[in-house]
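Construct the entire structure; sequences and hints are all you get.
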Amino acid sequence: MSDQSHARSDHDLAPGEEEQHSVGTRILGYVVGLVLALLLTATSFFIAGTDLVWQPSIPVALIVLAIAQMGVHLVFFLHITTGPDNTNNVLALAFGLLVVFLVVGGTVWIMAHLNANMPPMDQIMRMQ
Amino acid sequence: MAMTATAGHAHADPHHIGLVIEHPGPASKRIVTAYGFWVFLLSDIVMFSCFFAAYAVLSGQTAGGPKGSELFEQRNVAIETVCLLLSSFTCGMASIAADVRNRFWFYLGMAVTCLLGLIFLAIEFREFADLVARGYGPSRSAFLTAFFSLVGCHGLHVSAGVLWLLTMMAQVFAKGFRADVLRRMMCFALFWHALDIVWVGVFSVVYLLGSAA
Numbered sequence: 001m002s003d004q005s006h007a008r009s010d011h012d013l014a015p016g017e018e019e020q021h022s023v024g025t026r027i028l029g030y031v032v033g034l035v036l037a038l039l040l041t042a043t044s045f046f047i048a049g050t051d052l053v054w055q056p057s058i059p060v061a062l063i064v065l066a067i068a069q070m071g072v073h074l075v076f077f078l079h080i081t082t083g084p085d086n087t088n089n090v091l092a093l094a095f096g097l098l099v100v101f102l103v104v105g106g107t108v109w110i111m112a113h114l115n116a117n118m119p120p121m122d123q124i125m126r127m128q
Numbered sequence: 001m002a003m004t005a006t007a008g009h010a011h012a013d014p015h016h017i018g019l020v021i022e023h024p025g026p027a028s029k030r031i032v033t034a035y036g037f038w039v040f041l042l043s044d045i046v047m048f049s050c051f052f053a054a055y056a057v058l059s060g061q062t063a064g065g066p067k068g069s070e071l072f073e074q075r076n077v078a079i080e081t082v083c084l085l086l087s088s089f090t091c092g093m094a095s096i097a098a099d100v101r102n103r104f105w106f107y108l109g110m111a112v113t114c115l116l117g118l119i120f121l122a123i124e125f126r127e128f129a130d131l132v133a134r135g136y137g138p139s140r141s142a143f144l145t146a147f148f149s150l151v152g153c154h155g156l157h158v159s160a161g162v163l164w165l166l167t168m169m170a171q172v173f174a175k176g177f178r179a180d181v182l183r184r185m186m187c188f189a190l191f192w193h194a195l196d197i198v199w200v201g202v203f204s205v206v207y208l209l210g211s212a213a
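If you read the sequences in order, they're chains A and B. Heads up: the first sequence at position 88 corresponds to 88 in our numbering, and the numbers run straight through without jumps. Heads up: the second sequence at position 72 corresponds to 72 in our numbering, and the numbers run straight through without jumps.
It should be emphasised that the hints constitute simulated quantities derived from the structure, not laboratory data. Hints should not be assumed to be uniformly reliable.
Pair by pair, the computed Cβ-Cβ distance ranges are [as the list claims (entries may be wrong)]: (1) A:LEU28 <-> B:GLY137: 43 to 51 Å; (2) B:GLY152 <-> A:SER22: 39 to 47 Å; (3) A:PHE95 <-> B:TYR107: 19 to 27 Å; (4) A:PHE95 <-> B:GLN74: 32 to 40 Å; (5) A:ASP122 <-> B:VAL32: 53 to 61 Å; (6) A:PHE101 <-> B:THR62: 23 to 31 Å; (7) A:THR87 <-> B:LYS67: 44 to 52 Å.
If you want the footprint, here are the derived chain B segments under chain A, 3+ residues with CB under 8 Å [what the hints assert, rightly or not]: (8) 43-51; (9) 85-93; (10) 200-210.
All figures in this text were calculated on a predicted structure; none of them were measured in a lab. Ideal Cβ placement from N, Cα and C applies to all residues, glycine included.
Here it is as structure tokens:
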């Protein structure tokens with residue numbers, strides 16, 4: 001079978017693999033990714049410890065920053081793009097994300113309702 | 001390669017009409033391997049999402065014990081985060097060096113990645129040992145159980161990654177940049193970058209949200 005390490009046929013890209021670029025361009029991509037990731041991380045740590053912003057907005061801001069940073073990692077480090085040669089990788093990622101959101105969102109949703117609708121522990125004890 | 005291409009073409013155009021869309025044949029082994037590993041990584045991330053869900057549910061159940069804001073030291077977490085980010089970068093440099101078959105930069109990139117990973121593990125281990133010594137081990141409360149299993153699971157992945165990294169260096173040393181070694185190297189780079197993505201979730205949800213709340 002075609003076992004050449006660089007047998008990049010013209011139809012698909014492996015995940016993590018870039019389109020053919022020069023070494024300089026590839027290094028530049030990683031540098032841009034690192035700078036963006038460091039900026040987003042610094043913002044996260046700053047927001048978490050500051051009194052300058054409205055306090056209830058902090059959890060939302062932290063989650064948005066985390067999702068943005070995951071996006072930066074996906075694009076600049078894992079090289080997942082929207083190009084036609086990346087369709088398979090993006091579809092697998094989309095399915096993974098669907099399961100992740102079902103698991104996390106579903107758990108948090110159900111357990112929060114369960115907590116809200118359960119009587120406090122001492123009341124349960126008295127009912128017995 | 002040539003045979004596959006011919007066979008593929010014959011199937012696509014049995015009557016030699018000449019009106020076929022180019023049929024490139026099966027994907028190369030490099031693509032198939034990396035795609036399979038990508039699917040594994042996604043399932044790994046699904047497993048982590050279960051730990052995240054458990055932590056989100058249990059983070060308030062401290063059973064009279066300490067809350068996250070009383071335990072976490074932001075300075076340590078910041079150092080850990082910078083270590084992992086830089087190691088992702090050096091891992092990228094090492095995979096570029098492997099692609100252009102430059103041994104010196106490959107070994108250098110991998111060695112720095114290994115060092116940063118070990119610093120991360122040392123800080124995390126010290127944090128865990130400190131918590132256990134103060135009596136706040138995983139059995140203290142549901143919150144601490146969820147904390148130790150989520151962060152510990154990520155730490156185990158990093159430990160496995162460091163072992164894999166050393167194996168890759170040894171394989172390049174012994175076998176050179178062969179096609180199969182390069183495929184493994186690509187999978188390792190995917191693994192390491194994916195761990196970094198999980199860590200972004202960990203430090204945001206566990207440490208920063210925990211100390212903000």
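Inset, instruction - Could you check the hint for me, namely that A:LEU28 and B:GLY137 are 43 to 51 Å apart, CB to CB? - result: Roughly 46 Å apart at Cβ, these two residues keep to the hinted range, so it holds.
Legend entry - Distance restraint hint 23 to 31 Å, applied to the beta-carbon atoms of A:PHE101 and B:THR62: Holds, since A:PHE101 and B:THR62 (Cβ atoms, about 27 Å apart) stay within the stated range.
Legend entry - A:PHE95 paired with B:GLN74, Cβ distance criterion 32 to 40 Å: 35 Å, holds
Legend entry - Outcome of range test on Cβ distance (A:PHE95, B:TYR107; 19 to 27 Å): 37 Å Cβ-Cβ, so the 19 to 27 Å window is violated.
Inset, instruction - Note whether the CB distance of A:THR87 and B:LYS67 lies within 44 to 52 Å or breaks it. - result: Roughly 45 Å apart at Cβ, these two residues keep to the hinted range, so it holds.
Inset, instruction - Mind taking a look at whether chain A covers the segment 85-93 of chain B? Criterion is 3 or more residues with CB to CB distance under 8 Å. - result: That given contact holds, which follows from 6 residues of the segment 85-93 of chain B lying within Cβ reach (below 8 Å) of chain A.
Inset, instruction - Return holds or violated for the Cβ distance of A:ASP122 and B:VAL32 against the range 53 to 61 Å. - result: 60 Å, holds
Legend entry - Within 8 Å of chain A (C-beta), three or more residues of the segment 200-210 of chain B: holds (count 7)
Legend entry - Stated coverage of the segment 43-51 of chain B by chain A [criterion: 3+ residues, CB within 8 Å]: The restraint on the segment 43-51 of chain B holds, since 5 of its residues have a Cβ under 8 Å from chain A and three suffice.
Legend entry - Range agreement (Cβ of A:SER22 with Cβ of B:GLY152, hint 39 to 47 Å): Cβ of B:GLY152 to Cβ of A:SER22: about 42 Å, so the range 39 to 47 Å holds.
Comparing the model with each numbered hint stated earlier shows that hint 3 is the single one that does not hold.
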